[in-house]
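Given only the sequences and the hints, what does the whole structure look like? Please build it.
Residue numbers (the numbering used here), protein chains in the order written: chain B, 1 to 500; chain A, 1001 to 1613; chain V, 2001 to 2107.
Treat the hints as calculated values from the structure; they're not laboratory data. Bear in mind the structure is a predicted one, so any value in this text is a computation, not a measurement. Careful: at least some of the hints might be erroneous.
To be verified - Below, computed lysine-lysine pairings styled on BS3-like, alpha-carbon distance capped at 25 Å:
| hint | chain 1 | residue 1 | chain 2 | residue 2 |
| --- | --- | --- | --- | --- |
| 1 | A | Lys1166 | B | Lys450 |
| 2 | A | Lys1372 | A | Lys1440 |
| 3 | A | Lys1450 | B | Lys387 |
| 4 | B | Lys426 | A | Lys1613 |
| 5 | B | Lys383 | B | Lys450 |
| 6 | B | Lys447 | B | Lys387 |
| 7 | A | Lys1450 | A | Lys1440 |
| 8 | A | Lys1158 | B | Lys387 |
| 9 | B | Lys383 | B | Lys447 |
| 10 | A | Lys1448 | A | Lys1371 |
| 11 | V | Lys2094 | B | Lys99 |
| 12 | A | Lys1106 | A | Lys1372 |
| 13 | B | Lys387 | B | Lys450 |
| 14 | A | Lys1191 | A | Lys1106 |
| 15 | A | Lys1167 | B | Lys450 |
| 16 | A | Lys1477 | A | Lys1372 |
| 17 | A | Lys1365 | A | Lys1440 |
| 18 | A | Lys1106 | A | Lys1450 |
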Amino acid sequence: MPAYYLEIIVVVLGLTVLMVETFVSLRDKRSLGWLAILGLLVVLVLNFTVVETGGEGGNTPFWSFYVMDIPAQWFKGLALLATIFVILMSVDFSRVLSKGICPEVEDDGVDDCAENQVALSEFFALPIFICAGMMWMASAHHLVSIFVALETVTIGFYVIVAFMRRNVGSLEAGVKYLILGALSTGFLVYGFAWLFGVTGEMELGAIADALNAPDVHRTGALFAFALILIALCFKIGAVPFQIWIPDVYQGAPMPVTAFLSVGSKAAGFVILLRLLEPFMASEMLNANVTSVLVIIAAATILFGNLAALPQTNFKRLLAYSSVSHAGFLLMAVASAPAHPGVVSPVAAVSYYLAAYLMMTMLAFLIMNLIRVQRGDENLEAYKGLAKSSPFLAFAMLVAMASLAGVPLTAGFVGKFWVFVLALQEKHYYLVAFGVIGAAAGFYYYLKIVKSMYWDSPADAGSSAAVPVVVAWPTRIAIVLLVVGVFYFGVNPGALLSLFL
Amino acid sequence: MEEQNLPWIILLLPLLSAVSILLFTRRSGNISALISTGSALITLLLGVVLLRMPDDAVVAAFPWLNLSSNFVVEIGFQIDQLSRGMMFVVTAIGAAVHVFSLAYMKDDEGKARYFAGLSFFMFSMTGIVFANNFVMMFVFWELVGFSSYVLIGHWFEKNSAADAAKKAFLTNRIGDFGFMIGILLVWGLTKSIYFTQIASEVVDEQVLEGVSNGLLMAMVLCVFCGAIGKSAQVPLHVWLPDAMEGPTPVSALIHAATMVAAGVYMLARISFLIPMSAGAGEVIAWIGAITALIAALMALQQDDIKRILAYSTLSQLGYMVMAVGIHAADAAMFHLFTHAFFKALLFLGSGAVIYACHHEQNIWKMGGLAKKMPITFVTFVIGTAALMGLPFVTSGFFSKEAILGAALHGHKALFVIAAFIVLLTAFYMTRLIVVAFLGKDRSDNAAKAKEVPALMWVPLVLLAVPSVVAGYEFFYKGMKLSPMSPAHEGPVNVWLIVISAAMLVFGIGMAFWGYRGESTEPMRLNRIAQVFAHKFYIDEAYAWLIKVFQDGLAAFTNFFDRAVLDGVIARLPAAGAFRLGSVMRRLQSGNLQSYGFLFGLGAVLIIYLVVFK
Amino acid sequence: MEVTLNHFLFVSGLLFAIGLAGVLVRRNVIVIFMCLELMLSAANLSLVAFSRFNLTESGGPDYNAQVFLFFIITVAAAEVAVGLAIIVALYRAKQTTDVTQINSMKN
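Below, the structure is given as structure tokens:
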């Protein structure tokens, strides 16, 4: 099966969800969510079984803008997984969602809008389309296809960030994301135009050849790179373009926040890796490129971790944490392609993103439950969680330990390889910043653990003492993620062997 | 079924059981108990099948950490007579304990947790037994420590249980720290972590030639530290008696038969390293002998039935360690093998007594149980006879003779101590039986005691059989475990038997004569007995030492903290970090226009850095 | 005077700068949005210019860039559709399109 069938299947799945909603009258529209999850699971299996990778068989020769290699397959898998978890969260979130969409209930007390679950199916379908965009992005190897895939994702996100149209927070987040996102698109397109102007090519392989040629216009190429880097730093949330992250994360509906922090970031990194490759390969350019990446990585780690210290809103805290992880990822991106005996940066980034997906999704799944059932996103709501819901508290403990980078968790191995790469490159200052950032990380992640296990809720009689209800699909997802965090933390070879 | 997969199944089945209990059947204690017991019985069956596996069988290893092309840490299996025999002990006693627990823990609140813990322990212990390298052994070594912590603290509502669990865990950490340094030293000196590889290098290629004896001794003794912690040797023996706060079946399995023996097992695994360093064996032997002696002395004056057995375990472990020290590791393993059966039997028997007497553990409040619990009594006597080493009819006799014989050949002073311990053992065990089982009942609980249900006495009877026959040649040869027999075979030294038999008779006689018909401890006021009863005041000494040390340290660290850390080092960066974080937070004004402005500024900065720098 | 590539690039750069300045200084969301479109147009202009001056071997312009341009226009249209919808929703909720008024989330 050619690889691009996967994207087609995903798009068809999204359309199917919309069609079913239109033509079939459903008693509970949440079943559409299950349909979507099922479909995506099938594609996930197809991605790792049916599709050919590598060699001429998997790559379609006449479409120069689509490649299917190991990283592409890997990131497609990540996109699919992230989407599955996001839709799972959306099912839990549907009650809050309808509140954000429906007008205030009239005096008669019947809430037609909420009863009919208005717009719920769109909320399931849009992530599927975005997922198709991310999957395409993983394979994009041509400026046009990169641009179109990226915009498919970005425009989809504009809609779902602002999805709760009666909720001021969601709208405000939507507008901020829209304006700044469009701004970054402007830089990206302008950069692409310059890149095309300097090299006369649009296919990344040809661009690499052109950049390696001795007569390439150096300043023009660097200018193009700077513009592209600005746009991609925005997507991954690297300093100084991280400003949108806390506000948008806080305002967006919870599943969308999770999607942004995992899916959007992973997509940004895969594009960054693809576009960096030609610049890194060029001897004339790579010194400049590396030095600026190192500076950005150091600043991002420092900013993300330090700004997270005083946070009391959990969602916002995770937003800063997502910034700091972007910084750690950039540490790997900033290293040269290959060192003998050490994992390649691509493998390190891929591993880190998989670990990041698991631990962040774990945190968001639990946060989502707390948000829906206790109506609170602040750290206050987690006090004494270990008493009322020990299962969730333990899962959150695992997520936090992994985010902080405690050994034997996936997060530790991710950080480990990143630091190894930075040391190989002799980026000692960067490593120092990384250590400071990681140490600060321990403080604020463990703050949450402390409030779950050692603090008691502010008022004993409140909802905080009631156990949180966990539906079985969510429970399975949480268990799988906890197992995954430990399994890949203890046995990193299982993932890395794909790349070695 | 592929024979090569057998060890994998033995290893993973208990893990599967523990995980499935935790995930799915936590609510239902009975189903959990059945899952766990089922897995224990199956592993016993597989453990027996494993005995037939040839030495050269290759089991597929799992490459765990690929640190570089020439350094791979495996989850690998070393299947030889040592591990096969140990595996049989672990699975056999594990199965008996599981069945016994079905009845003993029948009405316990945390039954599911308990059985999950047992299964997890079985998994960890199997890992130690099969490990073919130091790192894997260390990992499972820690896991065993963890499961022991969970099981000791099973009744964590009781403060004493929670404290005992903590004490066991921390004390073990001290030993494990030494063990870890030892492993690093071994790795550094031999460039390998695999037992077979190290053995062949040591013997064939003499890589250790030219290394100073001090370093070699440090290496061996650091590795030995692990055994000191886990096998509760002096001076880290203090956790084991306290660990008796756990449920009695746990004490039988973990703190008598298997986990505490892991230290001895590990020493046997690396016994080829001990002769490398002159003097290391000597140190090990003396530590073992001292442990054996003082533990036996302490056992003389204990009143808690489980504590008597705990000190007896300490004493027997000391025996084994001593044997390893005098280069008779096979004798040590032989004693481990027989001891596991009869000590598990004794512990389960004490569990039956405690159960029958409604959780009364003081032997002075028992009495007259022989008539009320005949099966328990008979099996208990069999276990006791084996522990004392009753000549020619019990397993304990053969293994003890092996150690005594080795001591006689090697080290006369150690032999004297070892022989004296035979007397002490006979004394305290006779005291236990006379006080608890004979005479008349001294409390209501004892008066109302009756024989335990079949689920409990069947394991007792089943364990009584190997307690008698495990020492006979047909038994271990039948299981293809010949190296477990003493190496110092040959003509039986008649003097040896005469001396130990004399000691035995003397000990039994003294205790019988001294305690018959007594209803309180006759030596209560004796000064020396007081010292024994208070365990040489070692716990108190530690408490004092720790207090003095801690107070001093606390005062110092307090000063250091306030003056140096807080004032200079922490204040500045921590406050700086927070301040900086707040400044960064303020950048986040929430105003879209200023965001756009920052974006533009950043863009200019990036373009400058990339293009013009 | 002959119009060279540099002239085109200068104009496109100017367009880009004007767009960026508009985004930074204007307060009305709709105007900001228009300025963003201006930035995309700047990119389009340079693409066409590059296409015109990067001649292929056959002597004709490089049509790759012109195809790209149509993609950009299409995507921009989609972006505008979504963007205006969000802005309308915002106006209905807050009765304002002034960006300085939307700052409920901060720190």
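Outcome of the hint check:
A distance of roughly 20 Å separates the Cα atoms of A:Lys1166 and B:Lys450; the hinted pair therefore holds under the 25 Å criterion. Annotation: proposed proximity of A:Lys1372 to A:Lys1440 holds, straight-line Cα distance about 11 Å (limit 25 Å). Of the pairs offered as hints, the one joining A:Lys1450 and B:Lys387 is violated, with about 41 Å between alpha carbons and a cut-off of 25 Å exceeded. A C-alpha spacing of about 20 Å is found between B:Lys426 and A:Lys1613, which places the hinted pair at or below 25 Å, so the restraint holds.
Distance restraint check for B:Lys383 and B:Lys450: the Cα-Cα separation of roughly 8 Å lies within the 25 Å cut-off, and the hinted pair is therefore satisfied. Between the alpha carbons of B:Lys447 and B:Lys387 the distance comes to roughly 17 Å, so the proposed pair stays at or under 25 Å and holds. Restraint check: the Cα-Cα separation between A:Lys1450 and A:Lys1440 comes to about 14 Å, which is no more than 25 Å; the hinted pair holds. Taking the CA atoms of A:Lys1158 and B:Lys387, the gap is about 19 Å. The hint holds against a cut of 25 Å.
A hinted pair counts as satisfied when its Cα atoms are at most 25 Å apart, and B:Lys383 with B:Lys447 qualifies at roughly 11 Å. For the suggested pair A:Lys1448 and A:Lys1371, the alpha carbons sit about 12 Å apart, so the restraint of at most 25 Å is met. Taken as a hint, the V:Lys2094 and B:Lys99 pair is honoured in the structure, with Cα atoms around 18 Å apart against an allowance of 25 Å. Straight-line distance between C-alpha atoms of A:Lys1106 and A:Lys1372 comes to about 22 Å, which keeps the hinted pair within the 25 Å bound.
Distance restraint check for B:Lys387 and B:Lys450: the Cα-Cα separation of roughly 13 Å lies within the 25 Å cut-off, and the hinted pair is therefore satisfied. For the proposed pair A:Lys1191 and A:Lys1106, the alpha carbon gap of about 51 Å is over 25 Å, so the pair is violated. A threshold of 25 Å between alpha carbons decides the hint, and for A:Lys1167 with B:Lys450 the separation of about 24 Å falls inside it, so the pair holds. This hinted pair does not check out: A:Lys1477 and A:Lys1372 have alpha carbons roughly 38 Å apart, beyond 25 Å.
Distance hint between A:Lys1365 and A:Lys1440 is fulfilled; the C-alpha atoms sit about 10 Å from each other, no more than 25 Å. For the suggested pair A:Lys1106 and A:Lys1450, the alpha carbons sit about 17 Å apart, so the restraint of at most 25 Å is met.
In this structure, the hints that do not hold are numbers 3, 14, 16, in rising order.
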